[in-house]
Each structure stands twice: as C-alpha cells, then as structure tokens.
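Protein chains in written order, with the UniProt record's numbering: chain G, 1 to 342; chain P, 1 to 342.
Just so you know, the hints here were simulated from the structure itself, not pulled from any lab data.
Worth double-checking, as some hints may not be accurate.
To be verified - Footprint (simulated), chain P over chain G, 3 or more residues, beta carbon under 8 Å:
(1) 62-68
(2) 93-107
(3) 124-135
(4) 229-238
(5) 288-294
Even for Gly, the Cβ is constructed at its ideal location relative to N, Cα and C.
So the chains spell out like this:
There are 2 protein chains.
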Amino acid sequence: MAVSGRQTGRPTLEEVAARAGVGRGTVSRVINGSPRVSDRARAAVGQAIAELGYVPNRAARALAGARTDAIALVIPETESRLFAEPYFLDIIRGVSAELADADMQLLLTLIRSSKERQRFEQYLSAQRVDGVLLVSVHGDDPLPDLARELGVPAVLNGRRSAGERVAYVDSDNVGAGRSAVGHLTGRGRRRVATITGPLDMYVARCRLDGYRQGVEAAGLPADDRLVAAADFTEEGGRRAMRELLDRCPDLDGVFAASDVMAAGARGVLREAGRRIPDDVALIGVDDSAVARLMDPPLTSVRQPIEEMGRRMARALLQEITGPGPEPCRVVLPTELVVRDST
Amino acid sequence: MAVSGRQTGRPTLEEVAARAGVGRGTVSRVINGSPRVSDRARAAVGQAIAELGYVPNRAARALAGARTDAIALVIPETESRLFAEPYFLDIIRGVSAELADADMQLLLTLIRSSKERQRFEQYLSAQRVDGVLLVSVHGDDPLPDLARELGVPAVLNGRRSAGERVAYVDSDNVGAGRSAVGHLTGRGRRRVATITGPLDMYVARCRLDGYRQGVEAAGLPADDRLVAAADFTEEGGRRAMRELLDRCPDLDGVFAASDVMAAGARGVLREAGRRIPDDVALIGVDDSAVARLMDPPLTSVRQPIEEMGRRMARALLQEITGPGPEPCRVVLPTELVVRDST
DNA sequence: CTCTACTGTGGGAGCGCTCCCACGCCGCTT
DNA sequence: AAGCGGCGTGGGAGCGCTCCCACAGTAGAG
C-alpha cells in the first residue's frame, strides 16, 4: 500500500501519449489548451490523464519552456515591522486567491538583510520566477527598477512617489486623510492635529496631504504646529502625541496615520486626562484588529487590503501573459469605519 | 546597458566549465561542495563563476536531480481565521530565516476550499516540493498522513493529538495553562474560571488540562461550572464570559485560552461593572499586539512563535537530507508576560 | 482534376543540470 | 620492476517537458 519512495514512477507525458494512442505533441497541446487538437484526440488524452493520474512535472516544464509558473511576493523586513502585521496576511490572502485560479505558485520572500537582498537579486536575474510582487513603499527602493531592467514583470503595492513608473496597486491615501479629517470636522472639531508616518514614504506624505485638504475644505486655518511626524510605531505615536499636546493644548481631534500610532496616542491622551472622544476625538487608518479591540473602539479608515492583493496578482498575471503598453495603475478607494473614538 | 529580454543568455554550467578549463562534472562537483575536487580546479571554477556571474538553473537541477530546493508552508484558511493573525507572520518569519541559510525556497499555500485542498494534494503527490510544513491543529486533518504515505517529509506546527506520529514542533500548552492559573492563584484569586478553545483541537484541550492542573496545584476545588468552551474568537469569548458570569457571579479570575477571547471577555466584564484587575483578574495566551494595546494591558502567556517556525524548518531540512528513525518532537516552553490585567 | 491552403498530428532536438561510468595518473606495495 | 588501489577528472546519458518542423489528410479554388 505504501508508496515505495521519493522516486516512485509518476506517469510522464510520454506514457499518457502511449495510452491515449497519440503522440507527445498532441498530449502537450491538450494540456496547454491549444485549439489545434481534434475533439477525438482531446477526449482520448483527457481520459488517459484521468486514468493515470497524470500531473505534469513543473521542473521539466520550466526547463523546456521559458516560464516557471511561479511568482515571488517580496516583503522587506523593514516594512513588515512598520505596518500592522495583519496587513501582509491580507495581502497574501488576496494574492493567493487570485493565483490559485491561475495555477501559479506563490513564493514568499522576506528580505531582512543585505545578504538576503543580494540573494534575491540573484534570483531575479536568474529568471527563476515569472514575475514579482513588491511591497515597496520607500522612495529609494531599487528593487522595482532592477526588475524592470531585467525584464521581469513587477507590480508594486504602493507607490514610491507620485511619478511611479512601475505598475502598482495602491489605496487612495490622500482620500483617506481627507475623509478622516472631514469626519472629525463634521463632528464639530476645530483644532484637528495629525500624526504622520515617516515622510520619506509616499504613503505618509499622501495621508498628510489628505489631512491638509480636509482642514482646508472645512475652512479651518492651516497650522503646522498641528502636524507631528512619527514612524508608524506605537512608541512613535506616543512621542508625537506628547509633542502635539505640548504645542497645542487646545486640540480637539487627532488623525493618526495608522491604528498603531493611534493606540500610542490614546495612551498619552489618557495620561493627560483627556477623555476620548469627549475632549479629543481620535481616528486611525487600517481598521485593524487593534482598532476594533481598543478602548474605546477606534474609528478608522479601512483600506481594501485583500482586494489590493487580488488586483496586484491579476495585474501581474496579465503583464506576464501579454505585457501591455501601459503599466497598471490602480488606486482603490478607502472607507470610513466609525466607532466610539470620534 | 539594458538587458535585452527574458531569454537573455544566462551563463550555463557548460560555459563555466569551458572558461575554467575543466569538465562539466568538475564544475558540478564544486557547486555541490563535493570533496573530490583538487584545490586548483576548485579555484579555477570559483573564479569562472564569479567572472560570469553564474547562477545555477533551478529547473534543470530539479529535473536532473531528485529535489526541488523548495518546501511548502501550508495554512488552512480555517486556522488562519481562528488564530490571531500575527501568529502566522511570526511563523513565516522563523521559517523564512532558517530556509534562507539553506538556500531553499518557501512556497506559501493557503487552503481555503476543498478544490484548493485537492490541488495541493496533487502537488504533494507530484513531488513538487522536498517537504511540507503544516499548520495543523484539527484532530481530523488528513494532510499529514497523506504526506507520510507519499513519502514527503512533513513537520507539523502543533499536534493533532497526544499520540501524534508525524514530526511536530509545538509549544507547551499544558504548561501555559498551568502557569497562567498559578499566576492568578499566586495573586490570591480563589475562583478562577477558564474560557477554552474548541475542544476538538488538541491545543485547546491542553490548555484546559493545564488550567485544571493549576487549580489542583493551588489546592482549590475543581468546579466544572468555571469552565466555558468557546472557539478562539472575540465573539466566542464574549459569549463564554457571559455564561461564566451567569453561573458563577463570584469568580475573581479568568484564564482565556487566547488574547482575542480575553478581549471579548474584557468587554463583557466591563459591561457587568467588574473592574479589571480589581474585581476580576484576566489573563490570555499569545502575547499578541492585542494584549499590549488592550485596556488595561493584558497579562498573557507568550509562545515563542518565531522560534517554532525556525525549529520546524530546521527539523524539516534535517528530515529531507537524512530521514532519521525518530521523527522530531519538540515542545517549546512558554513565558508569562505580566501586565496590568492581573 | 490539379494546385494550393489549411488543420491535425508525430516526433526530433534541445533546455541545463546531475548521476555515474570510465579513464588517466599518482604513490604505494610485493 | 610490474602490479595495485585510489583520487581527480571528463563526458555520455537522461530527467520530462516544449518548441517547431515536417508530413499526412481534407477541402476549397482554379
């Protein structure tokens, strides 16, 4: 009953051909969905495949053909520390869902050192994947350009700058900031501050822009003392909140560019005796578990993360099969989730 | 300057051999670290490789040899919903770290439907990976046994039952329960309840066993009314907490088998006017972000998740190279992280 | 009735490796 | 002095596929 070992004879295409009474070429054509096959042959091959339980050998395929049926999802460790972690899992979910339908494999690559980065660059240049998905938000990340030079299709999650030339899927971060501030001002807040992410990240600058637009739209005066830069971490959020409280004790609303920073801010506000939302309304971005479980539950701007993953995968698959002239540029809308903190 | 396209001539082993003035066999031996090579040849080959920027072709290797240099990490979607999500990211981190050193690829497979499950089973039987890492906590999961039958090395994260026959890396869930309850009783709590995970999961039963041991160790009477089963979700935690409060209004401590359930419990306790920790001390498991950010910050039992990932990968690599007679059975200790909820 | 233009087909030639056999060459024993 | 074992080596065979060329058969055009 037990299979005898690793080398156990899996049926080959040749055997399928023999059983179906056709040539190798025909079987190959059937498998790859070529139209140039008679119905009779197709049926015979289909049956032989079923009877033999034939599964094509990927390695042979990759060697003979020019593709590998695999794509890499690259997550630089720096990012994974910054973002709320569930973010990546949702991205992975979306990517994986889309890939499964295309029968492609997902290769996950975490890059946490320059050595690993180098190894991955080798990978890329060795054409060992058909394409790459890059979570790349730092403006100076060279990986996307490297991929382009090597002719490896690539799709980014997020942009590195306004003029991003590589295909990307992003969420509407400006809109997120704008609607967050709009929500705050809509509830009568007049002194709305913001805690930003690191400003070398385009995503952080976008959310800040959105904040400014929101302030202006409400007819409030712009005041740079209401802006404090942080780094997407809880501790950064604490520091920024202290700073803001120091500079503008009269603030009555805070837009934190991430839930995690909002959590830090909440701690400081509480220590300072400010009630949420009574004295200060607080809003974050991500709609993560943290937001739901915080006390009080945090109003937050939701990004369609899983959908971004899906779209990225779809865009990449398309670029692999037929590289269109225009790289994919998708910006997905965000959505306000109102809870008790505002 | 630009590389001309996808097919651009990457150097092959043959070219390296020519340049180094040796035969193909010798180059192959150098690359694979065979000792049967003279220093002179080794040096020449090394130089040729460097000059040409040679990177071996994986597909060719996989086809010729019997291995693929890739392993799969399988995450059933059911699990990913149940566990706190950061759990998987930490596992992935550990696995990835260990794999990078071995120059192995990590293939991530999310299984969310029976169709995808079937596809993965095909994968397995097609020997397309050298081994599998399975996150498998349900007692009836057939995947581990399938892998065994197919002769594909497998390592589980968690056990399906006490008599697990497949190699595994788990954390000391009994110890986790025991120390959690010990901590509670150590602080003078006498009526300690528990909210368990789904009892068809071994991990949930273990934590419950630990709870019982802790209660007994403290010389307290066992009382089944203090035990409420839930399902590792926040809502489940809420329900269970209501139940407990109903049955035993005099309880003064709660051990929730996950942080997320503890979060649910906290909400109910607060609604019932119980102060934490003054009236009821609360403790969870996972030491997740949720615990840190909860209000009050939640005391929790930490599992060394990333280390588990690392150990799994190491065990699998070992099993791949030389299948020892004894499957790996590792149980890692947990650690109490005390915060303000107790 | 021949000529062209398909469409469906079989099978050769590789893809770039690893495995392994066979061969020289060395230093050692008898 | 001839014989022996080993080491380092070269290169053939083959892994299972895809690509593509060549060929039969059929059908339509002249």
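Results for each hint:
For the segment 62-68 of chain G, the stated coverage by chain P holds: 4 residues have a C-beta nearer than 8 Å to a C-beta of that chain, and at least 3 were required. For the segment 93-107 of chain G, the assignment as covered by chain P holds, since 8 residues bring a beta-carbon within under 8 Å of that chain's beta-carbons and 3 suffice. Counting residues of the segment 124-135 of chain G whose C-beta lies closer than 8 Å to any C-beta of chain P gives 4; at least three are required, and the coverage claim holds. A count of 1 residues in the segment 229-238 of chain G with a Cβ less than 8 Å from any Cβ of chain P is obtained; the coverage claim is therefore unmet, three being the minimum.
Residues of the segment 288-294 of chain G lying with their CB closer than 8 Å to a CB of chain P number 5, which satisfies the three-residue condition for coverage.
Going through the hint list in order, the structure does not satisfy hint 4, though it satisfies all others.
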